[in-house]
Amino acid sequence: MDMNQYLEVFIEESREHLQNVNDQLIRFEKNTDDLGYVNEIFRSAHTLKGMSATMGFDDLAQLTHKMENVLDAVRNHQLDVHTEVLDALFESVDALEIMVQSISEGGDGQLDVKLLVQKLQRIVAEEPVAQHAASSIEYDELVQTLLSQTADQGFNAFEITVQLERTCLLKAARAYMVFDVLEQAGDVIKSAPTVQDIEQEKFESSFIVILVTNESQEKLQASLMEVSEVESVKIAAVPVKKETEMEELVSPEVAAAIQEVTVSAPSKSPVEEKRQPSNNKTIRVNIDRLDSLMNLFEELVIDRGRLEQISKELNNSELDETVERMSRISGDLQTIILNMRMVPVETVFNRFPRMVRQLSKDLGKQIELQIVGADTELDRTVIDEIGDPLVHLLRNAVDHGIEMPQARLENGKNEKGTIRLKAYHSGNHVFIDLEDDGAGINREKILQKALDRGIIDEKTAETLTDKQVYELIFASGFSTAEQISDVSGRGVGLDVVKNTIESLGGSVTIDSNEGYGSRFSIQLPLTLSIISALLVQMSEERYALPLSSIIETAIVQPKEVMHVHGQKVIDFRGAIIPLIDLKELFTVPNSVQGDHYSVVIVKKGEKTAGLIVDSFIGQQEIVLKSLGHYLPGVFAISGATILGDGQVALIIDCNALIK
Amino acid sequence: MKIIVFQLGDEEYGISVEEVQSIEKIQHITRVPGVKKYVKGVINLRGVITPIIDLRTRFNLQEQLNHELTRIIMVRLNDVEAGLIVDAANDVVDIDEKTIASVPETVEGTAVEYLNGVVKVDSRLIVLLNLPKVLSLEDHLQ
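First to last, the sequence lines map onto chains A and B.
Counting from 219, one number per residue, gives the positions in the first sequence under this note's numbering.
Counting from 76, one number per residue, gives the positions in the second sequence under this note's numbering.
Pulled out of the complex, with its shape left as it was, chain B reads as follows (with noise of 0.2 angstroms):
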């Protein structure tokens, strides 16, 4: 399966091409009061109000400013439509889905049940999203 690889911190992470609708350049964002802290606001993608939420503090990982790499990964789930910020999207890779390992319980910082897995690509390690966990409808209100 193809997967698009990003980068948070220092780590890459991969989600599913079937799943990305498109990668954007980072871009105003409006913040919409009382929701949840990783959820960073709504951006207006080519007509549509989109949520955007910030990888980095949903995994509980060090804040970073947006810079010149900082990309938005717009993701579709069922008819939810969100997009992920992300260090950089660094590439496509083909994996075997067989060579996907469990997560190491002591992944630092990412809380496990984002995680699908592990693929290890040539000497890069590549944890794979979640993303229904990801975007699952828990109370994104405070």
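With the rest of the complex left out, here is chain A (with noise of 0.2 angstroms):
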């Protein structure tokens, strides 16, 4: 058992919480009234504090501490939350966060923190009401009710203070014993600190009740001495109105109050009590199990489809039944073990709307960010690559795109700007859209930078359209921000972005409209190792088409097709969609065209299109391949597959057809 081995589970867990902390404490600045979220991030935060103390990772611990004390004030009531709160803890969190990284690295994990620790302990040191140091006590209007209430039955109110022993161990211990003689004598209706935190020894060394009683002060102050270690009583007596015209009665609510109050409470605070039930049962794999588990059931899918046709041709019915339960069983493990690599696309946009507050605050913006489909999922090889794209684009509309409130109230626009991400599955592909209703992008500005910056001349300047003027930004060595920021603007972001994107078999595009903001639409792969396809024939060549693209087949009759522009077309259910003839497209060797069209319909978002083949083959589980690195952007092929006979073909990448 090594000390590794609990490393990599307290970094996991480590992050997992913080996250948490970073997401309630999101949803807390929004609504500062639910202390409940305060509760998810005290647990998290002490998790935190009691896991790293375990580990060692001592500067962890005392950052967390702190952070506790500040969020048990706030859970108490005794510290009103304002921004400077917020930011302090906001601060912390990412100082918990570079120490862990600094850890999963390999680092010891230490970060000088004394300045943020030095700002917690003043932001709790600044409570309204001092906790340590108890002198005074509020006479809040239940209080004097219940004062007034028992005066006109004839007892006596005294405010008590009493002063223990500074020496004194065990404070809780005798303020028990305190309390007990003060309960013999009558009822304490306040005490300050609470009871609550009398019992937790949250006092320095004196607390003040109010007692009421019918026994005399003499007498009380005789009594309270004798408990060993109090070091002075001080009994005053409350005046009390008689207000008889108080007539309010006790509600069942505040009775219930003053029990909580008076009737020490043995056990913990209501606030542990109401853990919420932990979530699923999970376990953690190592995803090069996953990779090695999904490699040898590809192997698998392949020899299954061997084995059906191997089937099929020996007619045998046994044979025909075992195979077919064979393949109905390995398409259950097949959804079991893709589904086991999908994560939500949550798990990268998580990190964004914390990184959006800072960089609008940073920069003197009021931004929204709206994340829409956040449990999209992907696989895991994706998510991993596609944080630092989103990253960019993200930071690019917050710095170029988003304007300060001051030009946007001017352009007519709410002050506030908006930023959406939107994650959805369309085909076999998820798009990524991150809209914002900024200023847009300016065609001329972007030419004349790329013109400055003689990335095109000024003859290819006037010939490219909009959409080929904003694809400018993608390239290397581009900057359009007035004034290099830090945010971004850089210039290396955006063709960063292009690369990763389309390095995962994915596109990135743009579309503006200046003055009302841009939309990057980024579309990826799910890359789906294994997928559901149509085999289709087109003379001797086999080819695999993703059902997810497909709406459905049809015979065409030659008579049926028109011509508009040169494009053959054909009217399919009242609209009119292009066909492309694959065996042309493809050059297929010795292609002769039939007395008919077989017709795939395939789709990509909202176009469609009709794709000639020979004829149908059928429908079939195929693992996706990839070509390999030496035939890297073949046009419209994402891959190729391997089918029962051992033969390869290719696999049309329907998106690529239409434009």
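Just so you know, these hints were derived from the structure itself, not from any lab.
From a predicted model like this one, the values you see are computed outputs, not experimental measurements.
Every residue, glycine too, gets a C-beta built ideally from N, C-alpha and C.
No more than 20 angstroms apart at the CA atoms, straight line, and that leaves these computed lysine-lysine pairs for PhoX-like: (1) B:Lys-115 <-> A:Lys-801; (2) A:Lys-579 <-> A:Lys-248; (3) A:Lys-843 <-> B:Lys-115; (4) A:Lys-786 <-> A:Lys-822; (5) A:Lys-801 <-> B:Lys-111; (6) B:Lys-195 <-> B:Lys-173; (7) A:Lys-667 <-> A:Lys-685; (8) B:Lys-115 <-> B:Lys-100; (9) A:Lys-786 <-> A:Lys-801; (10) B:Lys-115 <-> B:Lys-208; (11) A:Lys-389 <-> A:Lys-420; (12) A:Lys-801 <-> B:Lys-112.
Now the stretches of chain B that chain A is said to cover, found in silico as 3 or more residues with beta-carbon under 8 angstroms: (13) 105-113; (14) 123-129; (15) 148-157.
To be clear about the criterion: a stretch of chain A counts as covered by chain B if any three or more of its residues have a C-beta under 8 angstroms from a C-beta of chain B, and this derived list gives those stretches: (16) 794-806; (17) 862-876.
Join the two chains, each given in its own frame, into one complex according to the hints.
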């Protein structure tokens, strides 16, 4: 058993807790009345503290401890939540993240947290109700009512200040004894600090209680001084107006509240008892193991295809039955294995609200980040890669997209800018759109910059469409910010974005409407390594079409084919859609056109097209494999697969065929 | 150094054994549309999709039909894997690196840049292949 094993778990869990703290903080900031968030944060911080102390990361433990103090004060209403408090908490989380990151990179997780610790300490020290040195007691309405009622019944009310000896070790125990004496004499209706705090020794050496009793002051004084280690007892009569007109009866709720104060609850505070049931049971599995499981399963799928083919040829009913059952079981297995690798994009998105908050604060902008479709799932490998490109785009939108509040108001827009991050499935792709309602892209500005930087020449500049102009911002060495800022605008960001996304087999496009905002649309493959596909025949060759792109198949008679601008089209359910002859496109040798067209209707987003093939072979599960490094970017081919007979079939990328 | 000697047309070529993964018999090749003519397509090599290059076409030699002796030499260079179609894979010979001579400028039909030099083994003249050049990631797309 080596430490590293624990270390991994520690890092993973710390990250989860930090993420949770982050999330809850953001939510809490929006709704500072809901202390449920604080409890949640407190729990995570507490766990983190325990874990890091166990692992010997003292700075981590120290900082979380101070955070806990602040959070505790907040949830006990001893501290007003204001921006300073939230900022300090956010800063602490940042520091914690840095430390955890350092640990995960083999560092010692040490960081100078003195300043932060002081900051947090100062916040707690500023609590309006001093927790440690009880010096006064508040007479709120409830107490007043109670006092006047008891006065009516002839009881005396005393404010008793008990000072324990400073050397006293078991303060809580002494306090308990004091309370014991007091309760024999009468009823404690209020104490400062609260009874819970006193029980938990959260007081310096003195506390104040309000006692309602019919005992005399002297007798009380004497019996209290009998408790050992009590240094002094000050008893003052509480002046109570006999306001009999205060008719209000104590409502049941208030009565309960009184009981809570007087009857010393022997166990934890109610907050801790509210612990939510934990989530589903999970185990952590190394991603490498999942990968090798996947690889093995792919082999199995290929053999399954082979087996299906053989059994079809042999036509033996017993063999058929067995093969069919095996296919079914492996189908289920496949679903499970694929699902295991799928991760919601949430894992990437969840750090963005925080980032946008910080950035907009730094830049003096007001920005709201809306996230839609965070539960959209993507293969783990893709998830790992898209984080950085998205950060770049988001920073770009915050910095260049959204204008300053003043400028927005002048343009008749809402002072607060909106950035929308939306993820959704379409076909066998996942789309992530990043929209902002900012200034949009200025064509002239882009062109000028591109000319200045020698990316294009004047001649081409005139011929470019808007879209092509927008594409220019992905060119390397391009920066459109008038001033280079810390946030973005070094001109290194966006070309990296494009490269990363393309290396994942995806693409990124820009749409913009000057004055109204821009949209960056990222298309990513699911990289489901096993997909359902329709196998089609063209002459001697077989191709696979991902089922997710297909709407339906159709047989079209030549007379139904019309021509628009030299382009073959057909009327498909009332819509005119273009026909693409795949044999022509792929220059399939020895192709002869039959007396009718077999057409596969495919879609990309809203657009559709018909693909002409020779014949349909059937549906099959195929394993998606890359064409390798030697053949990158073959047009309209997204990869290859191995068929049951061991031959290779190419997979057609329908998205590339539809413009 | 050890080299694998193979035949292209009438000439013998050599490639370092270090660069060779295996030698395969010719099998069904799936054509890939839209790539250069010398890329014959891809095959399934024990579950891995591997591109196949026809060296005869690559070197502008006379195209020949595949026959009994035709082989695919599977090579690997860094992370690029590919198969080279050759007319025959003859044997493995040991050569002395010092005896490698530069390629005469007029090697017929073959772009000199794809060659590393020539070496004489007994009475055989073996042309050494410059694999990085042959597999260079220039545009294979049409």
